[in-house]
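Q: Chains as they are written, first to last, in my numbering: chain A, 1 to 219; chain B, 1 to 219.
A hint or two may mislead.
Chain copies aren't distinguished; within one or between two, either way the pair holds.
[Unchecked claim] Within a straight-line C-alpha distance of at most 20 Å, the following computed EDC-like cross-link-like pairs (lysine to aspartate or glutamate) qualify:
1) K102 with D158
2) K102 with E163
3) K102 with D143
4) K102 with E151
5) K102 with E36
6) K152 with D54
Worth flagging that the hints you see were computed from the coordinates, not collected in a lab.
Protein chains: 2
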Amino acid sequence: MRDSYHETLDELTDQLVSMARSVGSMLDRASTALLEQDLTRAESVIAQDEDVDDLNLRVEEQCNELLALQQPVATDLRLVTGALRMSSTLERMGDLARHIAKVARMRYPDPAFPPSVRPYFVEMAAQASAMVQRIGDVIGNQDLSLALEVEKLDDRVDQLHRELLQTLLADDWNGTVEEAIDVTLLSRYYERFADHVVSLARRIVYTATGTRYDELEKH
Amino acid sequence: MRDSYHETLDELTDQLVSMARSVGSMLDRASTALLEQDLTRAESVIAQDEDVDDLNLRVEEQCNELLALQQPVATDLRLVTGALRMSSTLERMGDLARHIAKVARMRYPDPAFPPSVRPYFVEMAAQASAMVQRIGDVIGNQDLSLALEVEKLDDRVDQLHRELLQTLLADDWNGTVEEAIDVTLLSRYYERFADHVVSLARRIVYTATGTRYDELEKH
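Bound-form chain A, shown alone (with noise of 0.2 Å):
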């Protein structure tokens, strides 16, 4: 049986997961509000972003009460203090989610982008909802090998929106600027949610080896 401090830890590792799968779903609803014009998907994803910075607020807090009643030290020390930074990295991640939906919901009823370039937004969406959900599960089982997986799918996010950027500058983009600052930021925020991902797989392998691979290079 677990005593009631690793209980509490435990409890600190499900409330990360539970963090993970919050943004996870506000990503796919921020998506299909993208992709689909649904504007009640685009609402749902704005107002809960709350509830994710609420999340993160009684995370912190947990890690304080934690570090101050029990003084963790090595490894269980690392799991807090990483808790406070991954915690931080979702709650940014769901604003990346409620910026997505947002530009849905301001271009609403149209689409916000030319369908020329929509097949780049379906792949994005799918690989960075792909790298949510399994950091969920890298979180909840310390599955280290799926954290490295984790960064073979960055790195298509990173081309996608690379090759995104190329298309609104070939002459035959016959988008409007309007629809070129929408298609950049919208890749952009893909693009960021998809390093906040990759940056929760280092930090977990930090937490659970000690050991530091490179830091974040790509955002």
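Based on the hints, put chain B in the right spot on chain A.
A: Showing chain B alone in chain A's frame:
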């Protein structure tokens, strides 16, 4: 005389001040690189970003050590966990300065934007610079009134960001799509940089008083 425990806490504060100074200097050089097509300065910002990343890692290690060995409570504990989050934010601000420098370098020897939008960037650069300068002072001397001033400066940056994006959509915009993309991203980098300063200010108020005011809404 301060005991070694309080000396270590002071050192932690000094490190955050020093990070804020480095990031401020990076931003100023990135702005000069952008506004004056100064390649040397752009390169120096890009090179310096690693130093800020290293400082961030050192702060984290110092915090972990403090927590393990000294077991601070109450305000001191908030100071340490706050430092963890603040140094992440400062590191991210360094990334944004690097992003600005990279756009300047990519377009060199041309400017990244047409002359018509230059005044916006001149003012955004000045506001962001004043904000990071001020936040360094706030971290060092805990003057909470300065923390509130930072919010006002941020309001102006947000306004400039909105106006700049409007400029791209106006009928008399005569730049290219590439310039529109650069302007959009650059403006967003400054706006995010300023938002991060606001979140540092709010963090400092929380650390000093234990009271939180509304979490940053505007990013």
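Q: State for each hint whether it applies.
A: Tested hints:
no., hint, verdict
1, K102 with D158, "between (22 Å within a copy, 16 Å between copies)"
2, K102 with E163, "between (24 Å within a copy, 18 Å between copies)"
3, K102 with D143, "neither (34 Å within a copy, 36 Å between copies)"
4, K102 with E151, "neither (28 Å within a copy, 23 Å between copies)"
5, K102 with E36, "within (14 Å within a copy, 35 Å between copies)"
6, K152 with D54, "neither (31 Å within a copy, 25 Å between copies)"
Checked against the numbered hints given earlier, this structure breaks hints 3, 4, 6; the rest are met.
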